Amino acid sequence: MANPSNNSVLRSQEFYRLKQTIRSPGDIFEIDVSTKAIYIGPDSDISEVALQYYNPDLPDAIETAVVAVNGPFVGRLDAMLASKIPTLNQPGRLLVSPVDIVDPTYSFDLFTPQREEHIPVTLDLMASLTPLPDIPAVRADRTLRLPSVPWTMGRTVDDDGDNGSTSLFIPIYGRRTVTVTITAALFAHVEVCLINLEPGTHANPRSLGYLNVNSLHSPLPDTKTFVLRASDAARNGYVLDDNGDATSWYTESDELQEPTHGGSSIPPVSYVQPRGVADLLLLNIGPNPGDSPGPNELTYVDLFLKLSDREV
Amino acid sequence: MPLPIKINPARIANAVRSLRKDETRRMVPSAQGGEAPVIGQTYRTDVSTYFTEPSGESKLFYTAENWVKIKLTLETAGPVAVGTSANVAPVLSGHGRLLDTGVEYEVHLARGSAFYIAAEAVNRVSVSIEPIPWMEQISGEITSVAQVISTTVRSIGNAIVGAIGELMGRPKPATTTMSQKTLDELATARLPKNMAHRLTPVAPPKKIG
Numbered sequence: 001m002a003n004p005s006n007n008s009v010l011r012s013q014e015f016y017r018l019k020q021t022i023r024s025p026g027d028i029f030e031i032d033v034s035t036k037a038i039y040i041g042p043d044s045d046i047s048e049v050a051l052q053y054y055n056p057d058l059p060d061a062i063e064t065a066v067v068a069v070n071g072p073f074v075g076r077l078d079a080m081l082a083s084k085i086p087t088l089n090q091p092g093r094l095l096v097s098p099v100d101i102v103d104p105t106y107s108f109d110l111f112t113p114q115r116e117e118h119i120p121v122t123l124d125l126m127a128s129l130t131p132l133p134d135i136p137a138v139r140a141d142r143t144l145r146l147p148s149v150p151w152t153m154g155r156t157v158d159d160d161g162d163n164g165s166t167s168l169f170i171p172i173y174g175r176r177t178v179t180v181t182i183t184a185a186l187f188a189h190v191e192v193c194l195i196n197l198e199p200g201t202h203a204n205p206r207s208l209g210y211l212n213v214n215s216l217h218s219p220l221p222d223t224k225t226f227v228l229r230a231s232d233a234a235r236n237g238y239v240l241d242d243n244g245d246a247t248s249w250y251t252e253s254d255e256l257q258e259p260t261h262g263g264s265s266i267p268p269v270s271y272v273q274p275r276g277v278a279d280l281l282l283l284n285i286g287p288n289p290g291d292s293p294g295p296n297e298l299t300y301v302d303l304f305l306k307l308s309d310r311e312v
Numbered sequence: 001m002p003l004p005i006k007i008n009p010a011r012i013a014n015a016v017r018s019l020r021k022d023e024t025r026r027m028v029p030s031a032q033g034g035e036a037p038v039i040g041q042t043y044r045t046d047v048s049t050y051f052t053e054p055s056g057e058s059k060l061f062y063t064a065e066n067w068v069k070i071k072l073t074l075e076t077a078g079p080v081a082v083g084t085s086a087n088v089a090p091v092l093s094g095h096g097r098l099l100d101t102g103v104e105y106e107v108h109l110a111r112g113s114a115f116y117i118a119a120e121a122v123n124r125v126s127v128s129i130e131p132i133p134w135m136e137q138i139s140g141e142i143t144s145v146a147q148v149i150s151t152t153v154r155s156i157g158n159a160i161v162g163a164i165g166e167l168m169g170r171p172k173p174a175t176t177t178m179s180q181k182t183l184d185e186l187a188t189a190r191l192p193k194n195m196a197h198r199l200t201p202v203a204p205p206k207k208i209g
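Protein sequence lines correspond, in order, to chains A and B.
Reading the first sequence from the start, the letters are residues 1 to 312 in this note's numbering.
Reading the second sequence from the start, the letters are residues 1 to 209 in this note's numbering.
No lab work stands behind these hints, which were simulated from the structure alone.
These numbers come from a predicted model, not from an experiment.
Glycine included, C-beta positions come from ideal geometry on N, C-alpha and C.
Don't take each hint at face value.
As the list claims (entries may be wrong) - In silico SDA-like pairs for lysine to any residue, Cα to Cα no more than 20 angstroms straight-line:
1) A:K84 with B:S93
2) B:K59 with A:A82
3) A:K84 with B:P54
4) B:K71 with A:T130
5) B:K207 with B:I132
6) A:K84 with B:G56
7) B:K207 with B:Q180
To be verified - Simulated restraints on C-beta separations:
8) A:T143 with B:L98: 42 to 50 angstroms
9) B:D46 with A:P136: 36 to 44 angstroms
10) B:F51 with A:K19: 50 to 58 angstroms
Said to hold, decoys possible - Stretches of chain A that chain B covers, calculated by requiring three or more beta carbons in the stretch to come under 8 angstroms of a beta carbon on chain B:
11) 4-11
12) 31-37
13) 76-82
The following block holds chain A by itself, in its conformation from the complex:
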């Protein structure tokens, strides 16, 4: 089957757009036309891709380049389809693969969810066939509207093996600001974690705490919002001593060491860690911890997320 990049040339396009859903960590895509510039496109969840192209001056005849949201590749890259790479005996195509790790099978069961859902990860790469005078960062802010996300009330780990919660894994590769709005008709306990994936090992999420959404005047829903910025440290919390006793209160801290806490009288605190960028945002939506079992009943929350590459 002819490579779709050729169709862009035949249709007199000025660019070839490689827009694909990433299905595995090892996805590789092929571009069969020469390009004048390559940059991350507007709809990309992936923030970094690796290019491989034929360079006969190198010992293995293969050169790589990384293209990021703020780092386009400007210059002519030749697709030498009639030339064979000596070390591989393969034609000198352009190969594209994500640098960001995509793992649709990633699972985190500490929250004992009943269901786990991964939002599909999209790669959007623009290959310009003509010279461009300027290439700004063009990845657009992404808006996710997820109405009626279900979770099941009344389930417990002891009785049912899970607590009826729903874990959502949302790709936020390279995003610096994440705005989350949750609307619950009854109530919902939302655990928030950031995950930086690692190759070959299971990445441990960083917990940012939780949010309770409680409708005080049912059936009127309740809505809560929080904003995560990559440069933000924990906004407030207690400074604890070695015994877990609160000694003071801070409004913002860059302290890297995670504070200890203990004792039922001490309320949970936000971990004193800067947010940073992450690959995935984990939202676990479920019952309050310690809720009693009851009849299983589906309930829903509406989610609104806004992902941005800027912090202003």
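With chain A fixed as given, assemble chain B onto it according to the hints.
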């Protein structure tokens, strides 16, 4: 006494008219790149788009049946090599000339020239082929004109010689050969194509007496 010189201006006018008839008789379409050359291309401008093949081989792009001006503009990233050598491949070898994206490349092709193209990916090249009819007049058909002029000059010379001979009482020189061919029926030598033609002005004969 006026010399009995006879110059037939109608002969020259007929020669010019026959030249124009040759032009209009050429109704055969011009050959495109890759096709076998067709005798008698029309003087017609061709505008088209050429898509290169990712073969890396040198492909015949155009064969000039007449003098033409070719304008090529690479619309994609390339690299695309063009040249008059049958072997412009490999593309980056330097055997041909690389086209620059968005930059028009113009070249004149003489009659009989072949133009080749090579690429290793699909590319889009806009093509414009314009004829140069006046070059045909100069290079290809001046020999016909020269023939007419030389014949006329020869006639004038023979008439002068004959007139002088008559004055001196000599018999008139024969106007046919032993095989009864007239001067016009004798084949004349064609001048080489690459010779720069220059019309030598015919000096009037010296007045005698």
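Hints, verified against the model:
1. A:K84 with B:S93: Given that 20 angstroms is the threshold and the Cα spacing comes to 16 angstroms, the pair holds.
2. B:K59 with A:A82: With a Cα-Cα distance of about 14 angstroms, the restraint between B:K59 and A:A82 holds, given a limit of 20 angstroms.
3. A:K84 with B:P54: Between A:K84 and B:P54 the Cα gap is close to 13 angstroms, so the pair holds against 20 angstroms.
4. B:K71 with A:T130: The hint holds at about 19 angstroms.
5. B:K207 with B:I132: violated (44 angstroms)
6. A:K84 with B:G56: It holds: about 11 angstroms lies between the C-alpha atoms, which stays within 20 angstroms.
7. B:K207 with B:Q180: Violated: B:K207 and B:Q180 sit about 33 angstroms apart, past 20 angstroms.
8. A:T143 with B:L98: 42 to 50 angstroms: holds (45 angstroms)
9. B:D46 with A:P136: 36 to 44 angstroms: holds (40 angstroms)
10. B:F51 with A:K19: 50 to 58 angstroms: violated (24 angstroms)
11. 4-11: Coverage by chain B holds here, the residue count being 3 at a Cβ distance below 8 angstroms.
12. 31-37: Coverage by chain B holds here, the residue count being 5 at a Cβ distance below 8 angstroms.
13. 76-82: Held - the region 76-82 of chain A has 7 residues with a Cβ nearer than 8 angstroms to chain B, which meets the minimum of three.
Hint check: violations occur at hints 5, 7 and 10; the rest are consistent with the structure.
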